[in-house]
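J.: The listed protein sequences correspond, in order, to chains G and L. The working numbering puts the first residue of the first sequence at 47, with every later residue one more than the last. The working numbering puts the first residue of the second sequence at 47, with every later residue one more than the last.
The hints are simulated quantities; they were obtained by calculation from the structure and are not laboratory data. Please read these numbers as outputs of a predicted model, since none were measured by experiment. One or more of the hints may lead you astray.
You can't tell identical chains apart in this list, so a pair holds if it fits in one copy or across any two.
When the alpha-carbon atoms are kept at most 30 angstroms apart in a straight line, the in silico DSS-like pairs for lysine-lysine are as follows [what the hints assert, rightly or not]:
(1) 330 - 363
(2) 97 - 208
(3) 754 - 248
(4) 690 - 421
2 protein chains.
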Amino acid sequence: MTNIKLPVPAGFTISTEVCTYYYANKRRYPKSLAKEVKTALKKVEQAMKAKFGDPKNPLLVSVRSGARASMPGMMDTILNLGLNDSVAEGLIQKTGNPRFVYDSYRRFVQMYGDVVLGLKPTHKDEIDPFEEIIETRKRSKGVHLDTDLTADDMKDLVALFKSAIREKTGNEFPDNPMDQLWGAIGAVFGSWNNDRAIAYRKMYDIPESWGTAVNVQSMVFGNMGEDSGTGVAFTRDAATGANVFYGEYLMNAQGEDVVAGTRTPLPIAKLKEQNPKIYGELEKIRKILEKHYREMMDVEFTIQQGTLYMLQCRVGKRTAFAAIKIAVDMVGEKLISDREALRRIEPDQLNQLLRPVFDLRQKEAAVHEGRLLAKGLNAGPGAATGRVVFNAPDAEEWAKRGEMVVLTRIETSPEDIRGMDAAVGILTARGGMTSHAALVARQMGKVCVAGCSSLDIDYRSHTMSVNGKVVREGDWISIDGTTGEVIEGKVATRPSEVLEVLIDRTLDQKEAPIYQEYAKVMAWADRYRRLKIRTNADQPDQAANAIAFGAEGIGLCRTEHMFFGEGKIGPMREMILADSEGDRRKALARLLPLQRADFEGIFEVMAGRPVTIRTIDPPLHEFVPHEEPAQRELAAQMGVSYEKVKQRVESLHEFNPMLGFRGCRLGIIFPEITEMQSRAIFEAAANIQLRGIKVEPEIMIPLVGNVKELAHQEAIVRKVAAEVMAEKKVKFKYLVGTMIEIPRGAITADEIAAVAEFFSFGTNDLTQTTLGVSRDDAGRFLIPYVQMEIYPKDPFEVLDRIGVGSLMELAIEKGRGVRPDLKVGICGEHGGDPSSIDFCHLVGNNYVSCSPFRVPIARLAAARAALADEPSKKVKKPAAKRRPGRRK
Amino acid sequence: MTNIKLPVPAGFTISTEVCTYYYANKRRYPKSLAKEVKTALKKVEQAMKAKFGDPKNPLLVSVRSGARASMPGMMDTILNLGLNDSVAEGLIQKTGNPRFVYDSYRRFVQMYGDVVLGLKPTHKDEIDPFEEIIETRKRSKGVHLDTDLTADDMKDLVALFKSAIREKTGNEFPDNPMDQLWGAIGAVFGSWNNDRAIAYRKMYDIPESWGTAVNVQSMVFGNMGEDSGTGVAFTRDAATGANVFYGEYLMNAQGEDVVAGTRTPLPIAKLKEQNPKIYGELEKIRKILEKHYREMMDVEFTIQQGTLYMLQCRVGKRTAFAAIKIAVDMVGEKLISDREALRRIEPDQLNQLLRPVFDLRQKEAAVHEGRLLAKGLNAGPGAATGRVVFNAPDAEEWAKRGEMVVLTRIETSPEDIRGMDAAVGILTARGGMTSHAALVARQMGKVCVAGCSSLDIDYRSHTMSVNGKVVREGDWISIDGTTGEVIEGKVATRPSEVLEVLIDRTLDQKEAPIYQEYAKVMAWADRYRRLKIRTNADQPDQAANAIAFGAEGIGLCRTEHMFFGEGKIGPMREMILADSEGDRRKALARLLPLQRADFEGIFEVMAGRPVTIRTIDPPLHEFVPHEEPAQRELAAQMGVSYEKVKQRVESLHEFNPMLGFRGCRLGIIFPEITEMQSRAIFEAAANIQLRGIKVEPEIMIPLVGNVKELAHQEAIVRKVAAEVMAEKKVKFKYLVGTMIEIPRGAITADEIAAVAEFFSFGTNDLTQTTLGVSRDDAGRFLIPYVQMEIYPKDPFEVLDRIGVGSLMELAIEKGRGVRPDLKVGICGEHGGDPSSIDFCHLVGNNYVSCSPFRVPIARLAAARAALADEPSKKVKKPAAKRRPGRRK
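One chain only, chain G, in its complex shape:
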């Protein structure tokens, strides 16, 4: 700030060369130093119009270290230097505040006694000797707080401190300010080699030879009367981002008073009335600072007897809304480039623009009233308020009659999908960030709080108890999927402007300033990103949403979710429970037109964008009913005995379904399923293409660990494709590829790439198998693991670069070794996580795929990854640091 000519309290610096000299010459100073310090001090006295050691008009200084690399708290600082008994008296005259003066004085003696004169605890269990004196005084006065001590107490403390120093160290406290100054300078240089500093330098590879400088700077005081004051301010509104000066101040006060809340500070606008001159100066400074730092700054200032001094400035903290608005505005103001704006917006901050949010004041009130019931995982961001129902059919029924419902389950399963769709929010007691509830909620754009383990849900009585309270069916509840909070009763929500423009189409973009910011950020992101962004979507409406958010294709269309649609679960279950291939084929024949229609709907919406369709993946038991009534119903439908249905369902039981009969294993044992699915896809592709719409299906075979599995399924897919092309007399392009989601798939990626035209990393499963952790069961140890820093983050949220990531790198290296143009994507949940997207960029993915509502976040994250990877003239981090976590 001094360099840009802002009024900073005057001071001077004794450079690091002096420190080097000091250590090279048995702790002696260069001969010229004494004179130079004297000259510099004189200049400071002139600038500050006060005199060091002059009781009538005293100048006080601080003495601080100033090393080349920041070493916070490692070295020593002394404030209020220049005080002695007579200077103190003079200062009381000027401030009329003896308590302030003696408090400053005793602080000075305490710091100086500790740092320079060496009165400090000798081992770690000992109490600080100065604090001991203070405590004794407080006890004898019967008070508890330092602030309860009077000016006289403080004055006594100064004397007590000095005699303690004398007694315990044999050192006399220097009354002469110049002696004080030289003592402090020596102590700061000396602190370069204290134990803490040495340890810190070792840890951060800071050379000992650098040395420290010593900064000597004038103290200023805001409590020197009504023409003095102090304040803090932001150069823009930190809450909204509006380009207005924003802050508060107090006259005749110190910084502490603003913070402590004993007096209520005034809004900065008031200063304009009270002291237009100072306010004008501050306004000017605000502009200079923003122009200089090209950032919204947080400043601290003091007015000492009518003169403004800037004490500190740093980049200001802000809300997500403000961060985006400020970045966008600053580009408009030509303060920063679009690149810089992208660097400044954390991708997850975009969530605040995309999701409904609670009325903040209502929510605070609710928490204040004790209505916060519990906290779970923030599995699907946004705010929802609705009435509790405990099962999916109820959710559908209540929603049909216009109720807003929060579907509350111990855990969800694919059977619950229509109920989830009908609900405004989903709340579960079990399951992690990638549990079924969380996955589906994010894909649907539903608010979701998952794994809220303090819910004790009783399905039979349609109630749940939470920390002693009972919530009944129909009671209002509010869930915050951004924070994981569960609140009793209603809390008002407000919708997302971006959604109102893009999805609901209820708002014109001209009337939507927040949407406009969003659109600008997205345009910049698209300018720089190299990764394509796709979406995980199973239904035409999801696909349409994703396109509105900028998705360039579907990276994962899970065919199994389709089976829960209207009219499909019946034949699906018959297929699963069939005794013979013949019966299975009959049921599949009924599914074929239904699946084909699904694909037609998706191809139509995607209009020529690539669509990756995964053949059936989950264990079959997920599709069949497990409760007796539903089993009886199914038996009646199928015309077989209940016992038979029950027994077949039981035979589908698996100990570890995650590692069981699923993925391509299904299609290999029952090739007729893959046949039907391929036929549905290709017939849909042919039909749509015949209607003049381009199609580009990519058939993805899941859970491949051995190229022979893929080759088996590929043969079926290609055979059916050829048949359909011949039957329909139409040609269409398609690809056959695989998911890489078990370690053996990555290890043998060279073999697999000989068959696969693309890889898509299924990092959910790849994380489960590589780490040997079931995401559904991990809660009991993974949460403590993250707390204990065994893993830095939940590896199901943020990709484990060292373990899972190195398998991804290996797979890409091996795969492209065999097939250089291998298309590589990711369709696990990590595809929507910024850090993981950065990794995907670094290892050379072609695209990432995420749930529709994370597409904007992924676009921004991809752009940031590309910018971070740009060869820069001003390299801040060595390039090596940008390489992914490859292990030697």
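Starting from the known structure of chain G, arrange chain L on it as the hints suggest.
T.: Coordinates of chain L only, in the frame set by chain G:
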């Protein structure tokens, strides 16, 4: 055989140089060839005392290719060459068997017509023209088999074949034998470049330049009267291995007649009476052959009019008993070295010496009577017969009153262990080769048939139905754990001599010839192997058995099995169901002395051999009761409500327990468990050492995927060790290491080796996670996968070198990079599989660990691995082939 002067039908070879010349010179022969062939043929005529083309005393020859590398079936052969109408008539005179002569004649015309004259199908769907003629003839005669055709039919066929050749190819069939011979020679040379041969050479990297030779050899006939005959024999008894000539023969017959079974052949001993001269020659030849080939040979011979000809000899197939006896005997006879003997005994053949076996005749009879009920997995080798019981308590109770029982369960769990111990055999309906039942059975040395899915077991009625039959509690059943067969009723068993000597000590080794063979083989194996062999054992008796079998340490002591012992399951369950650390510690304090006593027992038996003890590994739900009565009982014991026990048990439920809260995760969340276990181990070690017995515990932390997990547990172990040493005033050595059993452990092995003093590959889990396959659920797809050759073998039986193996190699490379003396073992089930042991040898393991009853097999497999890895003067396989399956 010609080279060692055995009477082989005379012949000569036209060498490969001629072939090279032939192709280099537009398919012409060297000028001298005609003359050389003539001379050679004359010599053959002299040797065989017959004349080529002479109707009175005809010599017939075969013409075959003879390439440098065997190319089975790729090139052409012509038999019976030299026949024409007049020669045929002459041969009828000599043999008195017109059908034989005309059958030979028509075969010759057919082969010659095909190979030399080119009458063959023109595309793959066409029927062979000769076969068509035969079929027409059979239809017109109303017969089905070639053998139903008469001599006249055959004669007609010759004529029909010749005219078909003439008609369809325009070629006249040559009547002149010399023309026939040159035609055949040209055809054999020509066949070197037929499509099949070219494809085969490409596939096996055989250079085209090698060319083929042509072998011309006399035909001999055993059906030329009562002084002719034919036979097959083994140079030793192929069933028992006894050193006696063993085989059968028929006079006036062809080889076909011996095989076809239309006439009953005579034992070879009979020939001694019938034709002592020929028998004497054969006896001599038998000795020459064994001396030359140093192997038990299988020979074919023909006597043509009183002259013995050896037609073929090859290494003879034999039973496991015979293989071992022959190898051991041949070392004694100085025919082979001990190295060679080891190479000749397949490790799994040792099982026949170690396990009880069924009386073969009784078993065959049972199968013949239709008593074979089902086939399951051969999970625990040996034969057992006993009465069916359906639960573990019944097994214990029945066994107590002296019954032999076969414990029959849908699947077993750790709760069943004492029942399994009481049974003579274990039969389960579910689970694979590494299911709980299979693992525990092999460790106990129990006969076990697992995963027998056709059993439909009803626990309530104490019955099971199997393929339409009902088996009730108490019914006799016999199970063959070597083949997987399940047989209704009793089948007599006979015990293993080796076990009677080593384990039961009911037989003196001097009276046990089979034991003596075993002991010799083991001594040789120990001479050459480099891998150490340890065992997986949890109890002193298992450990003692393993030592008797030659184990050099314990590679895996599963502490959890101990918890099911007398008096331990109660406190264990209380510990698991405890609400607080305090309650948990109370229960642990009760477990401490019990575990300590367990370890003392094991350390005592192991007497200074290393003992690797794994801290608690399985998910806690495996220890608690899941049925209401047992839960109520436990609640009463613990003095808490049934509901509470029920709820706590339910809270332990996991979706994928294999990937759940287990392994080191338990010890990290409940460090007090690791503390108790460490204390039990070290107090036991101290106590035993104070009694003058050496101890060397190796503490193994399971399921580590991140070095921080290991470091956390290591700190506890080392702290407790130091405490115990101080308390007991004794020093003992110990190691702390880890299992590498999830991919991330292997990938970060360098980090982990910084803490771990040893690695032990848990290849069961490593296979599960690397392949994404749950061993308990794999039956539905893994069995078909092996049938479809997706995996060459069940990867839970034979290590998947490409997938799992490359992670092992990576882990060893990374681990030893950081800690060159890192001790590396394997304790998964693969530690007892010969192919996997070979792999462990190649990648540089220090030891393998297997169940006690596989220790001898592992010793032999380790020796064979070392011998295969020996730098040999006569390299048979290129050294590169011996490298493990490393992927580029």
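J.: Could you figure out if residue 330 and residue 363 sit no more than 30 angstroms apart (CA to CA) within one copy, between two copies, both or neither?
T.: within (21 angstroms within a copy, 102 angstroms between copies)
J.: For the identical chains here, do residue 754 and residue 248 meet the 30 angstroms Cα criterion within one copy, between copies, both, or neither?
T.: between (52 angstroms within a copy, 23 angstroms between copies)
J.: First find the shortest C-alpha distance between residue 690 and residue 421 inside one copy, then the shortest across copies, and answer within, between, both or neither for a cut-off of 30 angstroms.
T.: Only across copies: residue 690 and residue 421 sit 24 angstroms apart there, 43 angstroms inside one copy, limit 30 angstroms.
J.: Between copies, within a copy, both or neither: which fits residue 97 and residue 208 at Cα up to 30 angstroms?
T.: Within one copy only: 24 angstroms inside a chain, 134 angstroms across chains, cut-off 30 angstroms.
Violation of the numbered hints given earlier is absent; every hint is satisfied by the structure.
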